[in-house]
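Student: Please work from the sequences and hints to get the whole structure.
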Amino acid sequence: MTNNSFSSLYQIQDLIHCYQGRPALTIPFLEIQPQSIVGLMGPNGGGKSTLLNLLANVDIPCAGQILFKGRELRPFAQDTRFRISLLPQEAYLLHRKVQGNVAYGLKLRKDRQDRDLKVRQSLELVGLDPESFRHRPWNALSGGEARRVALAARMVLRPEVLLLDEPTAGIDAASAQRIKEAALIARQEWGATLIIASHDWDWLDQVCDQTLHLFKGCILGNGRSNIIFGPWRPRGDGRYEKRILDGQTLVVTRPPEENAALLIGPEDLWLTTTPQPVGGQRQFLKAVITRMSLGKKTDRIMLTLTAADLDLCTHISRADAALQGIQPGSVVWLSYQLEDTNWIG
Amino acid sequence: MNFLLDGFITAIRLLFQGDEETYAAVFATLQVTGYSMSASLAMGIPLGFALGYFDFPLKKQLRFITDTLMALPTVFIGLVVYALLSNKGPLGELRLLFTLPGIAIGLTILALPIVISLSAATVEAMDRQLRTTLISLGADRLQLLLSILWEVRFGILAATVNAFGRVMTEVGISMMVGGNIKWHTRTITTAIALETNKGLFSMGIALGLVLLLIAFGVNLALSFLRKK
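Those sequence lines, one after another, are chains S and H. Quick note, the first sequence lines up with residues -1 to 343 if you use my numbering. Quick note, the second sequence lines up with residues 25 to 252 if you use my numbering.
As a list, the in silico DMTMM-like pairs of lysine to aspartate or glutamate whose alpha-carbon atoms are at most 25 Å apart:
1) K284(S) - E337(S)
2) K83(H) - D57(S)
3) K116(S) - E175(H)
4) K105(S) - D151(H)
5) K95(S) - D151(H)
6) K108(S) - D164(H)
7) K95(S) - E175(H)
8) K105(S) - E175(H)
9) K214(S) - E239(S)
10) K84(H) - D57(S)
11) K105(S) - D164(H)
12) K116(S) - D164(H)
If the Cβ cut is set under 7 Å, some of the chain S residues that face chain H in the computed set are:
13) V56
14) F74
15) R79
16) F80
17) S83
18) L84
19) P86
20) E88
21) Y102
22) G103
23) L106
What the hints contain is simulated information worked out from the structure, not anything from laboratory work. We treat Cβ as the ideally placed atom computed from N, Cα and C, and that holds for glycine.
Tutor: Here it is in structure tokens:
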């Protein structure tokens, strides 16, 4: 299928991908715009890496199709293999020196022009000194350095699409910061589309034009959501509850199964700083604000809250936050309508 | 125990004085080893890669068969190849019985399952992220194959050394298919067997040491590849 007037970079239609017969990812429809930054969030096993592998043309979907600029992605296709690059979660370095690793993609493209210069520039982009790193062997690097070398190996290719699978997970803060900066440089310098899977919600909130929440292989929606896992116990009044560590309870409607997951959108949680009776007629949950971050292109502040062992999120306008004097460490009371909650799976 | 020392001294003398009979056996050994290793590596590495890399029906059963064939008795291979190459056999017209190429066919059958099986095990054990990385960097199918083989080269080298060791030291096939003909199909191992039968232990030990020296030289060359 070819369509030259195609405006989306990616278009996914009726996608199903299975591992050993079990569906791991189901996306009826999704579009990704060129030069956008898309975040993928959600718990482990949600399908983020599967989606990235499919978008990178590393795996072929079991059913449905992925269109790239209107053409169906085909394995090893000449028109896409030099345009899309994926940095996997566990970056693999080839068994050679840093120079060889960073230059490998150029070698595959038979691009000999200014190869050394490009390698140097790419290493500088990820914050590694070319002189001290170029001749180091692959096994003489720390985890953070290895991840940065792997990113440099992608950056040197100036890909049209850069897919990053948890690029900052498990590495030191300095390396994580350099990786974040380098990713944004790819967007600024050559207009790369970035698709980033990460658990760093604040980062995604700050940089992404669109964030998709994946859970059990399905897209729950845009942005962060509250997913609360069971077990749920009957209260005797037809409702069910989850007791959290500080003794508070979260009351819900009848779950489909004891360990079902509950979804509450951030917009469905409202908060007040006025003390409310916990355990009274109306359900309130006392929580502490642990983090506040301003979303991209919005005046809404994303709040991360903790109620004992339960982490939740909601958002509030800047004006409301100022009016109520909300800041990290503030104690608030959260409430929600039972009809605004949904069971997943 | 003097014959051990005598054997060592004789080995030095045979090699440095350029004993023609010894060198004929050395060249015959190198020739059949070269032919059979070339053939088994040329066929075995791609087949081993395919067996280790791809998922297909009956893959496990095929792995089981190649693993079993690694333990093929050499006399059995000798017998089968003899039957195939003899005048009454289906390949008799090729007139390869009692020739070095005939021995090489038998040795290839011996080495091939080793190369396939160990290469497949190496490819299976490779980090799965390697494939993802190579595709992400823009590799096409051929570049993917060659890059993976280069990355797992130590395992392939181990398979090569293993097969080489078995081929170099093999007696049954060389004896049955080659016939141990002096100046013609006598290899070092068949010469050792002959000298031992004649009671000339020191000569046998000398030839054994020569074999060991060749193996040492080949492994030394391979160790340089390992360092690359």
